[in-house]
Amino acid sequence: MQAVDSPTTRPAPPGGGTEQRAAVPRPSRRRRADARVPWLLALPTLVVLVALLAYPLYRMIVLSFQNMRLRELLTGLTPSWVGFDQYEKALTDSTFWGVVGRTAGFTVVSVILSVLAGLGVALLMRRVHPKVRLAMMIAMMFVWALPQLVAAQTFRWLTDSDFGVLNYLIDKLPGVDYANHSWFVNPWQGWSLVTVLVVWAGIPFLAISLSAGLTQVPKELLEAATVDGATSRQALRNITLPILKPLLTIVTTLSVIWNFGLFTQTWVLRDGHPEPYYQTLATYSYTQAFGQSKYSYGSAIAVITVLLMLGVMVFYIRQMFKIGEVD
Amino acid sequence: MKRKIAVAAALAATLLGTAACGSGGDDNGTASANTKVDGTGKTIKVWLMVDAQTSWKNVVEDASKRFTAATGAQVNVEYQQWANHLTKLDATLAGTDVPDVVELGNTEFSKYVFNGGFAEVNKADFENSGTWLSGLSGACELDGKTYCVPYYAGARVLVYRTDLFKAAGIADAPKTYDEFLADADKLQSGNKDSKFGAFYMPGQYWYAAMSFVKSTGGDIAKKDGDKWTGQLSQPASQQGLQRWVDAVKKYSKADVTKNENDQANIFSQGQAGMFYGNAWEQGVAEEVHKDPNDPTSPMVPTKVKGKLAAAPMPEIPSFLGGSNLGVTQKSGNKELAAQWIKYFTDSTSMSGLVKANALPNATALLDKAAADNPTIAPAALAAKQSWFPPNAEKWADVEKGNVLQTMLTDVLTGKKTVADATKWADDQINTTLNES
Amino acid sequence: MAAARQDDQVLTVGRSRLGTIFANTGGVLFALVMIFPVYWVLNTALKPRDEVMSFRPYFVPAHPTLDNFSSAIKAENFVEGLINGLVITLLAVAAALVVGFLAALAIARFAFYGRKAIILVILCVQLVPLLALIIPLFLMLQKANLTNSLIGVSLVYLMLLLPYTVWTLRGFIAGIPKELDEAAMIDGCTRAQVFWKIILPLTGPGLVATAVYGFIQAWNEFIIVNTLNSPAKQNLMAWLLQNQTERGTAWGPLMAGAIITSLPVVIFFLLIQRNIATGLTAGAVKG
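Chains as they are written, first to last, in the UniProt record's numbering: chain A, 1 to 327; chain B, 1 to 436; chain C, 1 to 287.
No lab work stands behind these hints: they were computed from the structure.
Computed from a predicted model, the values in this text were never measured in an experiment.
Ideal Cβ positions, reconstructed from N, Cα and C, are used throughout, including at glycine.
Take the hints with a grain of salt, since some may be wrong.
Claimed, not checked - The calculated DSSO-like cross-link candidates involving lysine-lysine, where the alpha carbons are at most 27 Å apart (straight line), are: (1) C:Lys74 x B:Lys290; (2) B:Lys175 x B:Lys249; (3) A:Lys322 x C:Lys233; (4) A:Lys172 x B:Lys192; (5) B:Lys57 x C:Lys74; (6) B:Lys186 x B:Lys166; (7) A:Lys245 x C:Lys116; (8) B:Lys45 x C:Lys74; (9) B:Lys45 x C:Lys116; (10) B:Lys57 x C:Lys233; (11) A:Lys89 x B:Lys227.
Said to hold, decoys possible - Quick list of simulated restraints, FRET-style, between CB atoms: (12) B:Pro295 x A:Glu88: 12 to 22 Å; (13) B:Gly144 x C:Gln126: 47 to 57 Å; (14) C:Ala232 x B:Lys145: 28 to 38 Å; (15) A:Asn186 x B:Pro295: 38 to 48 Å; (16) C:Met185 x A:Trp97: 32 to 42 Å; (17) A:Tyr178 x B:Gly144: 26 to 36 Å.
Turn these sequences into a full structure, and let the hints steer you where they fit.
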C-alpha cells in the first residue's frame with residue numbers, strides 16, 4: 001500500500017502546487033467554468049455541515065448566553081438572556097478549574113504513555129521473529145477492533161471488586177490482600193486504571209501506524225551508521241526519529257484530541273455516575289446539562305472546551321492547513 | 001444520494017421557519033379520568049420503565065385491554081431503561097411528539113411537576129386515592145393540586161440467612177437494633193472466612209444510610225419559609241450516620257464505591273449473613289432466570305436458595321421507593337391518558353402487582369397485600385414506617401450530583417470525618433436546593 | 001500483515017543474539033498481555049452463569065456453553081439492533097463517501113477562492129463535542145419528523161463522518177500525480193473522463209480504508225442513537241449500554257453480545273489488514 005510511504009518519503013513538491021495548474025494551457029471559457037466546478041463539488045458537503053452542524057452549533061452558542069432550565073425546556077418559554085453569566089460562573093468556579101486541570105493532566109500523561117508505548121512496540125516489532133511479530137499484530141488487531149464501549153465494559157468486569165479476575169490474581173501474590181479491593185476509592189488508583197484502559201486501547205493504532213512508518217527508514221542509512229560504529233541508540237535518535245517525526249506529530253495530536261474528550265471510559269467504569277474526582281470536561285458538561293438540567297451552563301462549558309481545544313490544536317491545525325495548502 | 005441532499009435541504013428550510021417558537025402549553029385544564037371519551041381510532045403512547053416488562057407485563061396488558069374496551073382507543077406501551085432515561089425524557093418533552101403517559105421514579109417526579117411537565121389530574125377519579133402512600137404521592141402534590149398518580153412502591157427489609165442464624169444459635173429475626181448488632185457479632189465471630197461479612201452494605205447505598213440518619217431523628221433537609229437547609233450536620237443526623245458507618249466498617253466487606261444494584265447477586269455467593277434490600281431482591285438472591293433476557297425461562301437456584309428470610313429492619317424506618325405515573329402537559333390525549341392510568345392503578349391491577357412482589361400504591365391495600373403474598377409481608381410492614389426525601393423542586397439534582405454518595409464514600413474511606421463530610425454535604429444541598 | 005515481510009538479516013545487523021531472545025520474549029509477553037482482556041470477554045461469554053458469577057474466577061470455562069450467545073440473540077431488540085446498526089452505518093458511510101469524495105476532489109484538484117476557508121472549517125469541526133449538541137439536534141430532527149427514524153440517525157452520522165472522510169480522501173487524491181490528469185487531458189480526455197478513468201480507480205484503496213474507519217466510527221456510536229430513537233430503533237452499542245444497569249448486570253450475555261457487536265469490525269480489519277495503518281494517518285499527511 002503506497003499510502004504508507006507518504007509520511008516519510010513524500011518528495012518535496014516541485015514548486016508551489018497552484019502554479020502547476022496554470023502550466024496547462026486551457027481555453028479561457030473553460031477556466032471560467034472551473035471557478036464554479038469546485039464549489040459545486042463542495043456544495044453537498046457544505047449543505048450537510050450547515051444543516052446538521054452549524055445550526056445546532058449556533059443553538060449551543062446562543063444557549064450559553066441564556067439561562068435555559070427545565071421549565072424553559074418543557075414549556076417552550078424563551079429562556080432569559082444572561083450575557084456572559086454562565087461563562088463567568090464557570091471561570092470563577094474552582095470545581096470547574098479542577099475539572100480542566102484533571103482533563104489536561106490526564107491528557108498529557110496518557111498521551112505521553114501511549115505514544116512511548118506505541119513507539120516501543122513498533123521498534124520491538126522490527127526486532128522479533130516474524131512469527132512473534134504476527135502474534136503481536138493479531139493481538140493488537142483484536143484490541144483495536146473492540147468498540148470503546150465494549151473495552152470499557154470489559155475493564156469494568158476485569159476490575160470488579162467482587163467478581164473481577166484482577167483482584168483475584170493480585171490477591172494470589174504473597175502478602176497482598178486484594179480480595180474485594182475497590183479500585184476507585186483512591187482517585188490515583190482509579191485514574192491509573194482509566195489510563196491503562198486508554199493506553200491499552202490506544203497502542204494498536206499507534207504501534208501499527210508507527211511500525212508502518214518505520215519501514216520507510218532507509219536500511220542503507222542504518223547499515224551505514226552501524227558500519228561507522230554508531231550504537232543502535234544513536235541510530236534511533238539521529239536517523240529513525242527525525243524521519244518518523246511528521247508521523248509522530250500526527251499520531252500524537254490525534255491522541256490528544258481523543259484523550260481530551262474522554263467520556264465513555266470513566267462513564268462506564270463509574271457506572272454512569274462519575275464521582276467529582278472522576279469528572280473530566282466531557283462528563284462534567286454532560287452531567288451539568290442533563291443531570292442538573294443546567295443546559296446553558298453545560299453549553300458554556302462545551303464552548304469553553306472547544307476554545308481550549310482550539311488553543312492547543314492551533315499548532316496542529318496550522319500544520320494540517322499547510323499540508324492542505326500544498327497541492 | 002440526491003434524496004439525502006433533498007432531505008437535508010428540507011431540514012434547513014424547516015429550521016428557518018420554526019427556530020424560535022416552542023409549542024406553548026395547552027390550557028391548564030384538569031385531565032379528567034371519568035368523562036366518557038370516545039377514543040376510537042386514537043392511540044395513546046405510554047412510557048413505562050423496564051420493570052413492568054420484566055415483572056408484570058400481564059398487568060399492563062390486562063389494564064390496556066380494559067381501557068380499550070371502555071374507550072375504543074389503542075395503547076402503545078414503550079418500555080424504557082433506567083440508564084440515561086431522564087436525558088431522553090428531557091429531549092422528548094422538549095419536542096412536540098410526546099408520550100401521553102410517563103412513569104418516573106418517585107424522587108424524580110417533583111422536578112418535572114414544579115417545571116410544568118405534567119398536567120393536573122383529578123385525584124378523586126382514581127381508586128384508593130384517599131389512602132395513597134404519602135411517600136409516593138408527596139411528589140405529585142403542588143399547591144393543593146395533583147399532577148401524578150402513585151403506581152407501585154418498594155420498601156427495604158432485612159434479608160438474612162436462616163441457616164447461618166441457626167448455626168450461630170440465633171432463633172429469630174432481630175426485634176431491636178441492639179439485637180441486630182448482637183446477631184451480627186455472632187455471625188461474624190462464628191465465621192472464620194476473612195471474606196465473610198455479617199452484613200453486606202455497599203458504600204454508596206444512600207437509601208440505607210439515610211434510613212439510619214432518620215432512625216435517630218435526623219433529616220436530610222428542611223424547609224423554612226421558602227428556603228431549604230441541609231440537616232445532615234445536625235447532631236441527630238450525624239449520630240445516625242455514625243451508627244451506619246460503625247455497622248458498615250465492622251460487618252460489611254462490600255465495595256465502598258458500589259451502590260446496591262448488584263447486591264442480590266453478590267449476596268447469593270454466600271459470603272454474607274444479611275443484607276438490606278427490596279422484597280424482590282430476596283427472590284433474585286435465591287433464584288435467577290436461566291436466561292436473564294427471557295422472563296419465561298426456567299428458574300435456576302443459587303447457592304443460598306431456600307436459606308433466606310426477611311423481616312423489617314428493626315428501628316430503622318425504610319426509604320419508600322417506587323414510581324408514579326403522570327399525564328404529560330403536551331399530550332394531545334390528556335383524558336384518555338388519565339383513563340388509562342385509572343385502569344392501570346385500580347385495585348385489580350394492584351393485586352396483579354402484588355403477585356409480582358411489588359407493593360401497592362395505597363395504605364388501604366397494604367394489609368391485604370401482606371396476606372395475599374407472604375414474600376412481601378415484611379416489606380408491607382416496613383412501608384408503614386417509611387420516609388421520603390425532601391419534596392424539593394431540585395431534589396433530583398442532589399441525587400444526580402452524587403452528593404450523598406460522595407459523602408458516604410469519603411467517610412468510609414476515612415478521607416473525611418463524619419463532621420466534615422456532613423458539613424460539606426449540607427453546603428452542597430443548600431446550594432443546589434435553593435438555586436433559582 | 002503490514003510489517004511482516006521485512007527481510008530479517010538487515011534488521012538484526014549489529015544486534016546480539018541475547019538481545020534477540022529478549023526481544024522475542026518481550027514480544028510474546030506483550031501479545032499475551034494485550035490479548036488477555038479480549039480472551040476474558042470470550043471466556044466469560046462461554047461460561048454458564050454460576051461460573052461467571054463466582055468469587056473464584058474460572059480461567060477456562062468448566063462447562064462451556066453457547067447459552068449466553070443464544071440469550072443475547074433472543075434478547076429484546078438485539079436482532080433489531082444488529083439490523084438497525086448495519087442500516088444506519090452503511091447509509092451513513094455510503095453517503096459520506098459520495099458527498100465527501102466530491103468535496104475532497106474540489107480541495108485536492110482545484111485552486112479556487114474560498115478553498116482555505118473550507119479546509120479550515122473541515123479541520124475545526126472535528127473538535128466540537130457532540131454531546132453538547134444533542135438537544136438542538138433532537139429538536140431539529142423532530143421538526144423534520146426524523147426522530148425515531150433510521151434516516152435521522154444516519155444523517156447525524158453522515159455529519160459526524162464527513163469532515164474526516166473529506167480530509168482523508170483529499171490526501172489520497174492528492175497522492176495521484178497531477179501529471180497523469182494533465183497528460184490525459186492533453187490526450188483529449190474531458191475532466192469527467194479524467195475522474196472516471198484515472199482518479200476514481202487510483203483512489204480505490206483509499207476509499208476502502210476511509211470506508212472502514214467510517215464504518216467503525218458510526219458502528220461504535222451510542223449516545224446519539226440512544227437519545228434520538230426508541231429502543232426498537234437503536235443499534236447494538238445502545239443495547240450493550242442499556243443491558244448493563246438492569247437489576248445487576250448479566251455479564252455472560254453482555255459479553256456474548258459484545259463479541260457479536262465486535263465481529264463486523266474484526267472482519268473488516270482482517271479484510272484490509274495490509275492497509276490497516278493507512279486510513280487514519282496516510283490521508284492526513286499526504287501532500
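Hints versus structure:
no.: 1; hint: C:Lys74 x B:Lys290; verdict: 13 Å, holds
no.: 2; hint: B:Lys175 x B:Lys249; verdict: 22 Å, holds
no.: 3; hint: A:Lys322 x C:Lys233; verdict: 43 Å, violated
no.: 4; hint: A:Lys172 x B:Lys192; verdict: 19 Å, holds
no.: 5; hint: B:Lys57 x C:Lys74; verdict: 18 Å, holds
no.: 6; hint: B:Lys186 x B:Lys166; verdict: 11 Å, holds
no.: 7; hint: A:Lys245 x C:Lys116; verdict: 25 Å, holds
no.: 8; hint: B:Lys45 x C:Lys74; verdict: 25 Å, holds
no.: 9; hint: B:Lys45 x C:Lys116; verdict: 50 Å, violated
no.: 10; hint: B:Lys57 x C:Lys233; verdict: 21 Å, holds
no.: 11; hint: A:Lys89 x B:Lys227; verdict: 22 Å, holds
no.: 12; hint: B:Pro295 x A:Glu88: 12 to 22 Å; verdict: 52 Å, violated
no.: 13; hint: B:Gly144 x C:Gln126: 47 to 57 Å; verdict: 53 Å, holds
no.: 14; hint: C:Ala232 x B:Lys145: 28 to 38 Å; verdict: 36 Å, holds
no.: 15; hint: A:Asn186 x B:Pro295: 38 to 48 Å; verdict: 40 Å, holds
no.: 16; hint: C:Met185 x A:Trp97: 32 to 42 Å; verdict: 58 Å, violated
no.: 17; hint: A:Tyr178 x B:Gly144: 26 to 36 Å; verdict: 57 Å, violated
In terms of the numbered hints stated before, the structure departs from hints 3, 9, 12, 16 and 17, listed from lowest to highest.
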